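Participant: Sequence:
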Amino acid sequence: MRNIVPALLSIGIGFAISFFGLQSYSNSISGKPIFAINETVDTQEETQLPEEEETTDTEDTQQEISTDTNEETPSVEETIPEEDTHENREEDEGGEGDPIEVESITSTSYDSNDIQKSFDNWEAYTKDNIDLMATFTPLDEKGATIEKGIFLTLLRTGAYIPVKSVKEGKTQYQLTNINDTSDEKIKKSITSKAAIAHQYFKMEGKKLPDYNFVDLKGKTHNKADTKGKLLVIKCWFITCKVCVEEFPELNELVDKYKDEKIEFVSLAFDKKDELVEFLETKEFKYPTIPEQKDYMAKKLKVKQYPTHLIVDSNGVIIKMVNNVKTLTSELERIMGK
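Note that full-length UniProt numbering gives residue 220 to position 220 of the sequence shown, counting from 1, and the numbers run on in steps of one.
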(Lines of atoms letter the chains of each structure in order from A and count residues from 1; the text may use other names and numbers.)
(Lines give C-alpha, C1' and ligand atoms only; values in the text may rest on other atoms or scores of the structure.)
Protein backbone atom coordinates (compact mmCIF):
# COMPACT_ATOMS: atom_id res chain seq x y z
CA MET A 1 0.00 0.00 0.00
CA ARG A 2 2.83 2.34 0.82
CA ASN A 3 4.34 1.69 -2.62
CA ILE A 4 1.10 2.50 -4.44
CA VAL A 5 0.88 6.12 -3.23
CA PRO A 6 4.33 7.15 -4.50
CA ALA A 7 3.55 5.43 -7.78
CA LEU A 8 0.32 7.35 -8.23
CA LEU A 9 2.06 10.63 -7.43
CA SER A 10 4.75 9.89 -9.99
CA ILE A 11 2.14 9.12 -12.65
CA GLY A 12 0.22 12.37 -11.91
CA ILE A 13 3.36 14.52 -12.00
CA GLY A 14 4.43 12.91 -15.24
CA PHE A 15 1.07 13.50 -16.86
CA ALA A 16 1.11 17.17 -15.87
CA ILE A 17 4.62 17.66 -17.26
CA SER A 18 3.63 15.97 -20.52
CA PHE A 19 0.48 18.08 -20.89
CA PHE A 20 2.39 21.30 -20.25
CA GLY A 21 4.98 20.33 -22.79
CA LEU A 22 2.40 19.63 -25.47
CA GLN A 23 0.65 22.99 -24.84
CA SER A 24 3.96 24.84 -25.01
CA TYR A 25 4.81 23.18 -28.29
CA SER A 26 1.38 24.01 -29.77
CA ASN A 27 1.65 27.64 -28.71
CA SER A 28 5.14 27.97 -30.10
CA ILE A 29 3.77 27.04 -33.52
CA SER A 30 1.06 29.72 -33.43
CA GLY A 31 3.43 32.27 -31.87
CA LYS A 32 0.97 33.19 -29.10
CA PRO A 33 1.28 32.41 -25.42
CA ILE A 34 -1.71 30.66 -23.94
CA PHE A 35 -2.34 33.36 -21.35
CA ALA A 36 -2.20 36.11 -24.00
CA ILE A 37 -5.14 34.53 -25.81
CA ASN A 38 -7.31 34.65 -22.70
CA GLU A 39 -6.36 38.27 -21.99
CA THR A 40 -7.22 39.29 -25.52
CA VAL A 41 -10.62 37.65 -25.38
CA ASP A 42 -11.34 39.15 -22.00
CA THR A 43 -10.28 42.59 -23.18
CA GLN A 44 -12.44 42.40 -26.28
CA GLU A 45 -15.46 41.33 -24.29
CA GLU A 46 -14.97 44.07 -21.72
CA THR A 47 -14.48 46.69 -24.42
CA GLN A 48 -17.37 45.66 -26.63
CA LEU A 49 -20.07 45.52 -23.95
CA PRO A 50 -19.81 49.17 -22.95
CA GLU A 51 -19.84 50.17 -26.62
CA GLU A 52 -23.09 48.29 -27.15
CA GLU A 53 -24.60 49.82 -24.05
CA GLU A 54 -23.59 53.33 -25.15
CA THR A 55 -25.02 52.77 -28.62
CA THR A 56 -28.28 51.53 -27.16
CA ASP A 57 -28.50 54.52 -24.82
CA THR A 58 -27.81 56.91 -27.65
CA GLU A 59 -30.55 55.42 -29.80
CA ASP A 60 -33.02 55.55 -26.92
CA THR A 61 -32.11 59.17 -26.23
CA GLN A 62 -32.66 60.16 -29.85
CA GLN A 63 -36.02 58.48 -29.82
CA GLU A 64 -37.01 60.25 -26.62
CA ILE A 65 -35.91 63.62 -27.98
CA SER A 66 -37.83 63.03 -31.16
CA THR A 67 -40.93 61.98 -29.24
CA ASP A 68 -40.70 64.91 -26.84
CA THR A 69 -40.27 67.33 -29.71
CA ASN A 70 -43.36 66.01 -31.44
CA GLU A 71 -45.40 66.21 -28.26
CA GLU A 72 -44.23 69.68 -27.25
CA THR A 73 -44.53 71.40 -30.63
CA PRO A 74 -48.31 72.00 -30.45
CA SER A 75 -48.10 73.56 -26.99
CA VAL A 76 -45.29 75.84 -28.12
CA GLU A 77 -47.20 76.83 -31.24
CA GLU A 78 -50.28 77.60 -29.24
CA THR A 79 -48.42 80.05 -27.05
CA ILE A 80 -47.14 82.55 -29.63
CA PRO A 81 -47.92 86.23 -28.74
CA GLU A 82 -50.23 87.84 -31.29
CA GLU A 83 -47.73 90.61 -32.00
CA ASP A 84 -45.35 88.01 -33.41
CA THR A 85 -47.89 86.41 -35.75
CA HIS A 86 -47.33 89.06 -38.41
CA GLU A 87 -43.66 88.22 -38.70
CA ASN A 88 -44.44 84.51 -38.80
CA ARG A 89 -47.16 85.05 -41.38
CA GLU A 90 -44.64 86.58 -43.77
CA GLU A 91 -42.56 83.44 -43.52
CA ASP A 92 -45.65 81.31 -44.14
CA GLU A 93 -46.48 83.25 -47.28
CA GLY A 94 -43.20 81.98 -48.60
CA GLY A 95 -44.61 78.47 -48.47
CA GLU A 96 -44.07 77.32 -44.88
CA GLY A 97 -47.15 76.61 -42.78
CA ASP A 98 -50.67 77.96 -43.25
CA PRO A 99 -52.70 80.87 -41.80
CA ILE A 100 -54.47 78.71 -39.22
CA GLU A 101 -51.20 77.52 -37.74
CA VAL A 102 -49.84 81.07 -37.74
CA GLU A 103 -52.75 82.30 -35.64
CA SER A 104 -52.26 79.57 -33.08
CA ILE A 105 -48.45 79.61 -33.00
CA THR A 106 -46.62 81.79 -30.54
CA SER A 107 -43.09 82.98 -30.66
CA THR A 108 -40.78 81.75 -27.94
CA SER A 109 -39.47 85.32 -27.53
CA TYR A 110 -42.12 85.95 -24.88
CA ASP A 111 -42.04 83.08 -22.41
CA SER A 112 -43.12 83.69 -18.83
CA ASN A 113 -39.55 83.86 -17.53
CA ASP A 114 -38.45 86.41 -20.12
CA ILE A 115 -41.48 88.57 -19.39
CA GLN A 116 -40.55 88.68 -15.72
CA LYS A 117 -36.81 89.32 -16.05
CA SER A 118 -37.33 93.02 -15.43
CA PHE A 119 -40.09 95.56 -14.98
CA ASP A 120 -39.17 97.08 -18.35
CA ASN A 121 -39.71 93.70 -20.01
CA TRP A 122 -43.05 93.41 -18.29
CA GLU A 123 -44.16 96.90 -19.31
CA ALA A 124 -43.15 96.34 -22.94
CA TYR A 125 -44.96 93.02 -23.07
CA THR A 126 -48.20 94.16 -21.46
CA LYS A 127 -48.39 97.36 -23.49
CA ASP A 128 -48.73 95.44 -26.74
CA ASN A 129 -50.28 92.19 -25.54
CA ILE A 130 -52.43 92.50 -22.44
CA ASP A 131 -55.76 94.29 -22.12
CA LEU A 132 -57.79 92.86 -19.26
CA MET A 133 -60.88 94.86 -20.26
CA ALA A 134 -61.03 93.46 -23.77
CA THR A 135 -62.91 90.33 -24.81
CA PHE A 136 -60.73 87.25 -24.30
CA THR A 137 -60.86 83.62 -23.22
CA PRO A 138 -59.63 83.28 -19.60
CA LEU A 139 -57.59 80.15 -18.84
CA ASP A 140 -56.36 78.83 -15.52
CA GLU A 141 -52.76 77.71 -14.95
CA LYS A 142 -53.56 74.29 -16.46
CA GLY A 143 -55.13 75.75 -19.60
CA ALA A 144 -58.78 75.12 -18.69
CA THR A 145 -61.35 77.82 -19.45
CA ILE A 146 -62.66 79.66 -16.39
CA GLU A 147 -65.01 82.59 -15.76
CA LYS A 148 -63.55 86.03 -16.33
CA GLY A 149 -64.53 87.19 -12.85
CA ILE A 150 -62.62 84.31 -11.27
CA PHE A 151 -59.67 84.95 -13.57
CA LEU A 152 -59.45 88.62 -12.55
CA THR A 153 -59.91 87.77 -8.88
CA LEU A 154 -56.97 85.35 -9.02
CA LEU A 155 -54.84 87.98 -10.76
CA ARG A 156 -55.59 90.38 -7.92
CA THR A 157 -53.88 88.03 -5.46
CA GLY A 158 -50.50 88.86 -6.99
CA ALA A 159 -49.67 85.18 -7.44
CA TYR A 160 -50.08 85.19 -11.23
CA ILE A 161 -49.41 87.08 -14.43
CA PRO A 162 -51.46 86.72 -17.63
CA VAL A 163 -49.68 85.26 -20.67
CA LYS A 164 -51.27 85.76 -24.06
CA SER A 165 -51.84 83.28 -26.85
CA VAL A 166 -54.02 83.26 -29.94
CA LYS A 167 -55.97 80.16 -30.96
CA GLU A 168 -58.15 80.04 -34.06
CA GLY A 169 -58.08 83.83 -34.20
CA LYS A 170 -59.27 84.29 -30.61
CA THR A 171 -57.23 85.88 -27.84
CA GLN A 172 -56.54 83.82 -24.73
CA TYR A 173 -54.91 84.87 -21.46
CA GLN A 174 -53.57 82.11 -19.24
CA LEU A 175 -52.73 82.42 -15.56
CA THR A 176 -49.02 81.79 -15.01
CA ASN A 177 -47.29 81.69 -11.65
CA ILE A 178 -45.26 84.78 -10.91
CA ASN A 179 -41.60 84.06 -10.17
CA ASP A 180 -40.29 84.56 -6.64
CA THR A 181 -37.42 86.58 -8.11
CA SER A 182 -39.66 88.92 -10.13
CA ASP A 183 -39.53 92.66 -9.51
CA GLU A 184 -42.09 93.62 -6.87
CA LYS A 185 -43.33 96.34 -9.23
CA ILE A 186 -44.59 93.64 -11.62
CA LYS A 187 -46.84 92.24 -8.90
CA LYS A 188 -48.11 95.71 -7.96
CA SER A 189 -48.74 96.54 -11.61
CA ILE A 190 -50.82 93.47 -12.37
CA THR A 191 -52.81 93.59 -9.13
CA SER A 192 -53.67 97.24 -9.77
CA LYS A 193 -54.75 96.61 -13.37
CA ALA A 194 -56.70 93.52 -12.40
CA ALA A 195 -58.53 95.42 -9.65
CA ILE A 196 -59.77 98.10 -12.06
CA ALA A 197 -60.61 95.55 -14.75
CA HIS A 198 -62.59 93.54 -12.19
CA GLN A 199 -64.50 96.64 -11.10
CA TYR A 200 -65.39 97.44 -14.71
CA PHE A 201 -66.29 93.81 -15.40
CA LYS A 202 -68.78 93.88 -12.51
CA MET A 203 -70.52 96.86 -14.15
CA GLU A 204 -71.13 94.86 -17.32
CA GLY A 205 -74.64 93.43 -17.39
CA LYS A 206 -76.03 96.19 -15.18
CA LYS A 207 -78.48 98.86 -16.26
CA LEU A 208 -76.99 102.26 -16.99
CA PRO A 209 -77.96 104.51 -14.04
CA ASP A 210 -80.74 106.99 -14.78
CA TYR A 211 -79.63 110.13 -16.55
CA ASN A 212 -81.00 113.27 -18.12
CA PHE A 213 -78.07 115.06 -19.73
CA VAL A 214 -77.99 118.42 -21.47
CA ASP A 215 -75.03 118.93 -23.79
CA LEU A 216 -73.12 122.12 -24.64
CA LYS A 217 -75.58 122.93 -27.44
CA GLY A 218 -78.65 122.54 -25.23
CA LYS A 219 -79.76 119.14 -26.54
CA THR A 220 -81.14 116.66 -24.02
CA HIS A 221 -79.99 113.05 -23.74
CA ASN A 222 -82.03 110.53 -21.74
CA LYS A 223 -83.17 106.94 -21.94
CA ALA A 224 -86.13 107.83 -24.11
CA ASP A 225 -83.83 109.48 -26.66
CA THR A 226 -81.52 106.50 -26.88
CA LYS A 227 -84.11 103.72 -26.82
CA GLY A 228 -83.42 101.21 -29.58
CA LYS A 229 -79.92 102.61 -30.09
CA LEU A 230 -76.46 101.59 -29.02
CA LEU A 231 -75.03 104.25 -26.71
CA VAL A 232 -71.28 104.92 -26.54
CA ILE A 233 -70.10 107.09 -23.65
CA LYS A 234 -66.66 108.64 -23.15
CA CYS A 235 -65.56 109.83 -19.69
CA TRP A 236 -62.85 112.49 -19.60
CA PHE A 237 -61.65 115.94 -18.51
CA ILE A 238 -59.73 118.75 -20.18
CA THR A 239 -56.34 118.28 -18.50
CA CYS A 240 -56.29 114.54 -19.20
CA LYS A 241 -53.68 114.31 -21.96
CA VAL A 242 -54.55 110.79 -23.10
CA CYS A 243 -58.25 111.68 -23.14
CA VAL A 244 -57.62 114.48 -25.62
CA GLU A 245 -55.18 112.50 -27.74
CA GLU A 246 -58.01 110.06 -28.49
CA PHE A 247 -60.17 112.70 -30.18
CA PRO A 248 -59.09 112.01 -33.80
CA GLU A 249 -59.74 108.26 -33.51
CA LEU A 250 -63.06 108.84 -31.77
CA ASN A 251 -64.07 111.24 -34.54
CA GLU A 252 -63.34 108.47 -37.03
CA LEU A 253 -65.70 106.17 -35.15
CA VAL A 254 -68.47 108.77 -35.34
CA ASP A 255 -67.97 109.01 -39.10
CA LYS A 256 -67.74 105.24 -39.54
CA TYR A 257 -71.04 104.54 -37.78
CA LYS A 258 -72.96 107.66 -38.80
CA ASP A 259 -75.56 105.56 -40.63
CA GLU A 260 -76.00 103.10 -37.77
CA LYS A 261 -78.25 103.32 -34.73
CA ILE A 262 -75.45 104.46 -32.46
CA GLU A 263 -75.35 107.58 -30.33
CA PHE A 264 -72.02 108.93 -29.10
CA VAL A 265 -71.92 111.09 -25.95
CA SER A 266 -69.07 112.38 -23.79
CA LEU A 267 -69.19 113.20 -20.09
CA ALA A 268 -66.65 115.69 -18.73
CA PHE A 269 -65.59 117.02 -15.33
CA ASP A 270 -65.31 120.58 -16.52
CA LYS A 271 -67.69 123.52 -16.55
CA LYS A 272 -69.57 124.52 -19.67
CA ASP A 273 -67.64 127.70 -20.46
CA GLU A 274 -64.29 125.94 -20.02
CA LEU A 275 -65.33 123.15 -22.37
CA VAL A 276 -66.69 125.53 -24.98
CA GLU A 277 -63.42 127.46 -25.02
CA PHE A 278 -61.31 124.30 -25.09
CA LEU A 279 -63.28 122.64 -27.88
CA GLU A 280 -62.93 125.69 -30.11
CA THR A 281 -59.36 124.56 -30.78
CA LYS A 282 -59.89 120.79 -30.51
CA GLU A 283 -62.33 119.12 -32.87
CA PHE A 284 -64.43 116.56 -31.06
CA LYS A 285 -67.57 115.19 -32.70
CA TYR A 286 -69.15 113.70 -29.57
CA PRO A 287 -71.88 115.83 -27.96
CA THR A 288 -70.34 116.81 -24.60
CA ILE A 289 -72.09 117.11 -21.25
CA PRO A 290 -70.35 119.31 -18.64
CA GLU A 291 -69.90 118.82 -14.88
CA GLN A 292 -70.49 115.07 -14.68
CA LYS A 293 -67.72 114.14 -12.24
CA ASP A 294 -70.11 112.80 -9.58
CA TYR A 295 -72.14 110.76 -12.06
CA MET A 296 -68.98 109.17 -13.46
CA ALA A 297 -67.35 108.46 -10.10
CA LYS A 298 -70.38 107.48 -8.02
CA LYS A 299 -72.84 106.06 -10.54
CA LEU A 300 -70.56 104.56 -13.18
CA LYS A 301 -67.73 103.67 -10.75
CA VAL A 302 -65.12 105.07 -13.14
CA LYS A 303 -61.62 104.49 -11.76
CA GLN A 304 -59.43 105.90 -14.51
CA TYR A 305 -59.63 108.26 -17.47
CA PRO A 306 -60.37 107.93 -20.24
CA THR A 307 -63.06 105.32 -19.78
CA HIS A 308 -65.53 104.22 -22.44
CA LEU A 309 -68.87 102.44 -22.01
CA ILE A 310 -70.95 100.62 -24.60
CA VAL A 311 -74.63 100.40 -23.65
CA ASP A 312 -77.06 98.23 -25.61
CA SER A 313 -80.48 99.24 -26.92
CA ASN A 314 -82.09 98.08 -23.66
CA GLY A 315 -79.92 100.32 -21.53
CA VAL A 316 -77.62 97.53 -20.31
CA ILE A 317 -73.88 98.14 -20.03
CA ILE A 318 -72.23 95.51 -22.23
CA LYS A 319 -68.64 96.78 -22.19
CA MET A 320 -66.53 99.13 -20.10
CA VAL A 321 -62.97 99.78 -21.30
CA ASN A 322 -60.16 102.29 -20.82
CA ASN A 323 -58.78 103.02 -24.30
CA VAL A 324 -59.92 103.82 -27.82
CA LYS A 325 -58.17 100.81 -29.34
CA THR A 326 -60.25 98.37 -27.32
CA LEU A 327 -63.38 100.45 -27.84
CA THR A 328 -62.85 100.24 -31.60
CA SER A 329 -62.35 96.48 -31.60
CA GLU A 330 -65.37 95.92 -29.34
CA LEU A 331 -67.61 98.03 -31.57
CA GLU A 332 -66.41 96.06 -34.58
CA ARG A 333 -67.20 92.83 -32.77
CA ILE A 334 -70.68 94.01 -31.77
CA MET A 335 -71.58 95.67 -35.07
CA GLY A 336 -69.88 93.12 -37.27
CA LYS A 337 -67.75 95.74 -38.99
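Hints are not guaranteed to be accurate.
Once the Cα atoms are required to be at most 16 Å apart in a straight line, the calculated EDC-like pairs of lysine to aspartate or glutamate come out as [said to hold, decoys possible]: (1) Lys293 - Asp270; (2) Lys217 - Glu280; (3) Lys271 - Asp294; (4) Lys256 - Glu330; (5) Lys170 - Glu280; (6) Lys325 - Glu246; (7) Lys117 - Glu184; (8) Lys285 - Glu263; (9) Lys301 - Glu184; (10) Lys325 - Asp128; (11) Lys217 - Asp180; (12) Lys229 - Glu263; (13) Lys258 - Glu332; (14) Lys272 - Asp180; (15) Lys337 - Glu245; (16) Lys185 - Asp120; (17) Lys285 - Glu252; (18) Lys272 - Glu291; (19) Lys187 - Glu123; (20) Lys301 - Glu147; (21) Lys337 - Asp255; (22) Lys282 - Glu245; (23) Lys117 - Glu204; (24) Lys202 - Glu147; (25) Lys217 - Asp294.
Derived DEER-like restraints, expressed as beta-carbon distance ranges [claimed, not checked]: (26) Gly169 - Thr239: 37 to 43 Å; (27) Asp128 - Lys206: 45 to 51 Å; (28) Leu279 - Thr157: 41 to 47 Å; (29) Thr153 - Asp180: 20 to 26 Å; (30) Thr220 - Asp111: 21 to 27 Å; (31) Lys261 - Lys298: 28 to 34 Å; (32) Thr220 - Gln304: 24 to 30 Å; (33) Gln199 - Gly315: 18 to 24 Å; (34) Ser189 - Lys272: 21 to 27 Å.
Simulated from the structure, these hints should not be mistaken for laboratory data.
Quick caveat: nothing in here was measured; it's all calculated off a predicted structure.
Backbone N, C-alpha and C define an ideal beta-carbon position, used for all residues, glycine too.
Participant: Honestly, which of those hints from before does the structure not fit?
Facilitator: 5, 9, 11, 14, 15, 20, 23, 25, 27, 30, 34
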